[in-house]
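Protein chains in written order, with this note's numbering: chain A, 1 to 331; chain B, 332 to 662.
Worth flagging that the hints you see were computed from the coordinates, not collected in a lab.
Keep in mind that the hints are not guaranteed to be accurate.
To be verified - Computed cross-link-like contacts, SDA-like style, restricted to lysine to any residue with a CA-CA straight-line distance of at most 25 Å:
1. A:257 to B:622
2. A:315 to A:54
3. B:582 to A:254
4. B:588 to A:270
5. A:261 to B:538
6. B:592 to A:137
7. A:315 to A:235
8. B:592 to A:207
9. B:582 to B:611
10. A:257 to B:392
11. A:300 to A:196
12. A:207 to B:386
13. A:251 to B:583
14. A:251 to B:585
15. A:257 to B:441
16. B:582 to B:393
17. B:441 to B:418
18. A:257 to B:582
19. A:207 to B:385
20. A:257 to B:393
21. B:588 to A:320
22. B:566 to A:275
23. A:251 to A:52
24. A:235 to B:382
25. A:171 to A:291
26. B:538 to A:58
27. B:538 to A:252
28. A:143 to B:385
29. B:588 to A:50
30. A:235 to B:607
31. A:257 to B:649
32. A:257 to B:592
33. A:187 to A:320
34. A:143 to B:445
35. A:316 to A:7
There are 2 protein chains.
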Amino acid sequence: MQNTQIILNSRPNGMVEASNFTIQESTINELQDGELLIKIKYISLDPAMRGWMNAGTTYIKGVEIGAVMRAFAAGEVIDSKNDVFAIGDHVQGLLGAQTHAISNGKGLSKCDLSKGNLSWHLGILGMPGMTAYFGLLERGQPKAGETVFVSGAAGIVGSTVGQIAKIKGCKVVGTAGTKAKCDYLLKDCGFDIAINYKEEDVHAVLKQHCPEGIHIFYDNVGGPLLDTALANLAKGARVVICGAISQYNSKSMYGPKNYMKIVTARGHITGIIVFDFLERYPEAVAQLSDWLHTGKMNTKEHIFNGIDTFPSVLKKLFTGENFGKLLIKVS
Amino acid sequence: MQNTQIILNSRPNGMVEASNFTIQESTINELQDGELLIKIKYISLDPAMRGWMNAGTTYIKGVEIGAVMRAFAAGEVIDSKNDVFAIGDHVQGLLGAQTHAISNGKGLSKCDLSKGNLSWHLGILGMPGMTAYFGLLERGQPKAGETVFVSGAAGIVGSTVGQIAKIKGCKVVGTAGTKAKCDYLLKDCGFDIAINYKEEDVHAVLKQHCPEGIHIFYDNVGGPLLDTALANLAKGARVVICGAISQYNSKSMYGPKNYMKIVTARGHITGIIVFDFLERYPEAVAQLSDWLHTGKMNTKEHIFNGIDTFPSVLKKLFTGENFGKLLIKVS
Chain A
1 MQNTQIILNS RPNGMVEASN FTIQESTINE LQDGELLIKI KYISLDPAMR GWMNAGTTYI
61 KGVEIGAVMR AFAAGEVIDS KNDVFAIGDH VQGLLGAQTH AISNGKGLSK CDLSKGNLSW
121 HLGILGMPGM TAYFGLLERG QPKAGETVFV SGAAGIVGST VGQIAKIKGC KVVGTAGTKA
181 KCDYLLKDCG FDIAINYKEE DVHAVLKQHC PEGIHIFYDN VGGPLLDTAL ANLAKGARVV
241 ICGAISQYNS KSMYGPKNYM KIVTARGHIT GIIVFDFLER YPEAVAQLSD WLHTGKMNTK
301 EHIFNGIDTF PSVLKKLFTG ENFGKLLIKV S
Chain B
332 MQNTQIILNS RPNGMVEASN FTIQESTINE LQDGELLIKI KYISLDPAMR GWMNAGTTYI
392 KGVEIGAVMR AFAAGEVIDS KNDVFAIGDH VQGLLGAQTH AISNGKGLSK CDLSKGNLSW
452 HLGILGMPGM TAYFGLLERG QPKAGETVFV SGAAGIVGST VGQIAKIKGC KVVGTAGTKA
512 KCDYLLKDCG FDIAINYKEE DVHAVLKQHC PEGIHIFYDN VGGPLLDTAL ANLAKGARVV
572 ICGAISQYNS KSMYGPKNYM KIVTARGHIT GIIVFDFLER YPEAVAQLSD WLHTGKMNTK
632 EHIFNGIDTF PSVLKKLFTG ENFGKLLIKV S
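Next up, chain A with everything else stripped away, as it sits in the complex (with noise of 0.2 Å):
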């Protein structure tokens, strides 16, 4: 049996590009004790995925050039030799982007389909949802009556924050950066306020929109927008630090030059890494389904067709063109 990879071929220098990723076909080995073989449906596309492609390690280690591009994907279990995932079972973890996977049971987890399609495990029941429920609750805390700011709120994590937060009793405002992600935001996210950063003075509208000042600013975004967040903290304010996918194809990082704002505000800024939570996955998933179920929150999927179309279509995520989870289906 074939299996088609995606190989990282070189690193980018700034923007991503096709031309990184080669298509490799190769041979699937037989199967160890332990081991089972997945067929691979759906692979994410996330934005953490331009960090895995340079060199050196962060919170994990790049990948090597010539290696199989690490991704999340989902799957079904098609052989086993392994005592906890048997034939039929439907997977999802690290499992690299590409059409089949070997995988000796590690970091992977089972996919309960009745919380929600495959798909939505890599996205809303994944990790990004995962990012979205911890970083929110766990680390921002929100009360009801608080004032919620979320930067790249139509993305698959922001749109998650803002609509826990609503479910919260939150005030929610999000950027994004089309008229249609931001009526997206008003109509299907239940967001009081969405500002396309692009046509409109971000400042000015939260100045007049939110008087009050921010309690929660969840940054998926980074650059100047972190800047104006921080001119505009409530006392109090807990800043969440999820991305800066403004940055990531930058070659020099922007800093925000208003960090001291965090000082005047009696505020702090700290971070969501998911994987702390591995353990409370469980936990998550079964709520943000309920509330999925129950028509208190929606997801929103755009999924390409093919793995061939890796390469060209990862670029998306930094430019805007995606809306909605970035999903590769594998044919």
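Use these hints to put chain B onto chain A, whose structure you have.
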């Protein structure tokens, strides 16, 4: 009776200059009921003054052009129509840069000279000492065995922070800008490591001598040094922003490019506004006085004579020329 006053004449454009001030003679008004007259003996020169010279409001309103320059000062009550403060009492507060002050007693506190010299009540037993004490202990929460890194370590706040951290059983590392200051940190303040940031590679010294990383960074300086500290955080690190003296005279603030290191370190960035601990000052004064009198701690002063030196002396805070708590002794 005549009062000599330092007047804010113009706002600095970049570095503070002597020409931003004028000296004015005025007549002292007669006391109203509830008021007291203080003969000022010491005027404190503090980095915060640079911010007070700007227009606008941060945690406190900027000084108006033509007004007496805001300053902490200490002196003796020489006349009183106030029930709380009697002739002969020693007091300190925001009395302004002048030789005499009339106060209604609000915000004024008595200086217990058994706790330390009057001048100490503007330094280690005053606002800077309180900033060090509550900033380190409440915001930093040091634990024995942890590594505490202090920037601007030879200043009154930094040297006090480092000495408290040593008393609490921490490993203490500080930066300063001259060999004499580094020697002072090692010999008089008991620091484990003192780094001359003008001559040494701070990052390399930290990597070599603190491979365990920094658990608390107490920042008085800001700028690229903050980035160096962020790149060397230990897991669970607390960054306490006290000041950014390297930036106060800059026209644009330096933003820390490494701010996302707080995420991977699972730490947080917070700040200290000393006025939030006003009610607990007596506890800190008693503790610091005890440490000073039992030889567990020392403090250094840098005193200029005569109020007319004020305009030229203030700048020394920002050029690194001062060494010890900067004060003017009013003749």
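What hint numbers does the structure not satisfy? Numbers 1, 5, 7, 8, 9, 15, 28 and 34, in rising order.
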